[in-house]
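Chemist: Spelled out, the chains give:
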Amino acid sequence: MKWIRESLDSIRSVKIRHVLTLLIRFGLIVTSTLIIWKGLMCISGSASPIVVVLSGSMEPGFKRGDILFLHMNDNPIRAGEIVVFNVDEREIPIVHRVIKVHEREETGEVDVLTKGDNNFGDDRLLYAPGQLWLQKHHIMGRAIGFLPYVGWATIIMFEKPIIKYVIIGALALLLISSKE
Amino acid sequence: MIDHRLCFTMTYSNLHCRLGTLVNLTSILFILLFVTVSFPDAIIRSPSVDVHAEVSKLNRFRKRLNGNDEVSLNLNISVDLSSVFNWKTKQLFVFVTAEYKTLQNSFNQVILWDRTIHDRDSAKFEIYAKNKYLLIDQGCHLLGKEIQLVVNWYVMHKTGWMSRHNKSMSYFELPQVYI
Chain A
1 MKWIRESLDS
11 IRSVKIRHVL
21 TLLIRFGLIV
31 TSTLIIWKGL
41 MCISGSASPI
51 VVVLSGSMEP
61 GFKRGDILFL
71 HMNDNPIRAG
81 EIVVFNVDER
91 EIPIVHRVIK
101 VHEREETGEV
111 DVLTKGDNNF
121 GDDRLLYAPG
131 QLWLQKHHIM
141 GRAIGFLPYV
151 GWATIIMFEK
161 PIIKYVIIGA
171 LALLLISSKE
Chain B
1 MIDHRLCFTM
11 TYSNLHCRLG
21 TLVNLTSILF
31 ILLFVTVSFP
41 DAIIRSPSVD
51 VHAEVSKLNR
61 FRKRLNGNDE
71 VSLNLNISVD
81 LSSVFNWKTK
91 QLFVFVTAEY
101 KTLQNSFNQV
111 ILWDRTIHDR
121 DSAKFEIYAK
131 NKYLLIDQGC
141 HLLGKEIQLV
151 VNWYVMHKTG
161 WMSRHNKSMS
171 YFELPQVYI
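Sequences listed follow chains A and B, in order.
Quick note, in full-length UniProt numbering, the first sequence goes up one by one and the last residue is 180.
Quick note, in full-length UniProt numbering, the second sequence goes up one by one and the last residue is 179.
One should not assume that every hint holds.
Stated by the list, open to error - Only some residues are given here: those of chain B computed to face chain A with a beta carbon under 10 Å: (1) S72; (2) E99; (3) S106; (4) D137; (5) Q138; (6) C140; (7) L143; (8) Q148; (9) Y154; (10) T159.
Keep in mind that the hints were calculated from the coordinates and are not lab data.
For glycine and all other residues, C-beta sits at the position ideal for the given N, C-alpha and C.
The shape of chain A in the complex, shown without the other chains (with noise of 0.2 Å):
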């Protein structure tokens, strides 16, 4: 408790320059982290680059709160293949594996159908109403790489956001305490 005592007798002691410190240090942190995710998602070529698998359609191959890596680029869409893509209507993203591709490399349109590993029955049921395929402007990237367990840490923020904010909280009391 003496450290909290502390950190809050720096904060009532302040000076401009300890301020601006402070203000520098924490646009630093920020831009950082915004520099890492903009260049995940330049490498990936996919505007999310990770993403966490929500629901158990893909057991047990993907569970819950596993984190899937993402590439995208213009290779051709085969089947087998585990894709991430986002329904007109949906506000989150489906992976879930592709088992039909009819193309035409003419054009350059793809019909696709996917479908759950765990489900029973192809996607359609998710699709818009009336849609019965998925084109290449729906899918955001290729599952190529995977890490267990690491996305709960995601959900719990998601589902219990006062833990989110509570983890920003001791972050920012961690920043101020520090002297220098």
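Given the coordinates of chain A, assemble chain B onto it according to the supplied hints.
Modeler: Frame of chain A, contents of chain B only:
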């Protein structure tokens, strides 16, 4: 980056410093571990696999009410992927695709059958199986069409990159009339 020497010399908040060093160290170790585990074995030793798939019986070949061709096949699939399994393999996803070309679509590929394999013992099998998913064309271009059967497999490790392999197996010609 935290200058670790400062932890000992200047008046730094001890907890802050130690926590920072610990986080730094564990992330570096984690990244090193991830990189070494992801190192592909294929470069070191290429496993010998034996796979085979062919059509054993054409069950049904008809035109659906909506105008699309529909085919139901029985397949004879024999697979020996046990040499692909090692200490870091989590599972294999094996699937048989039918590939063909029509005037409308330059490339069609549909999965007819798939299975996930979790251990070395179940990586070797021979079965006669009805296709899990029907072969349905976009349209009715399958009369007399030759389809190619390909056995594919994805290797999924406990953590790290996934790799895809396949082997073209056999061809099958659909009859000129519906049955």
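Chemist: Decide, hint by hint, whether the structure agrees.
Modeler: Consistency of the hints with the structure:
1. S72: Interface hint status for B/S72: violated (15 Å vs cutoff 10 Å).
2. E99: holds (9 Å)
3. S106: Constraint on B/S106 satisfied, holds at 4 Å.
4. D137: holds (8 Å)
5. Q138: holds (5 Å)
6. C140: violated (14 Å)
7. L143: violated (17 Å)
8. Q148: violated (13 Å)
9. Y154: It holds, given that the least Cβ distance between B/Y154 and chain A is near 6 Å, below 10 Å.
10. T159: Holds. Min distance 5 Å.
Checked against the numbered hints above, the structure breaks hints 1, 6, 7, 8 and satisfies the rest.
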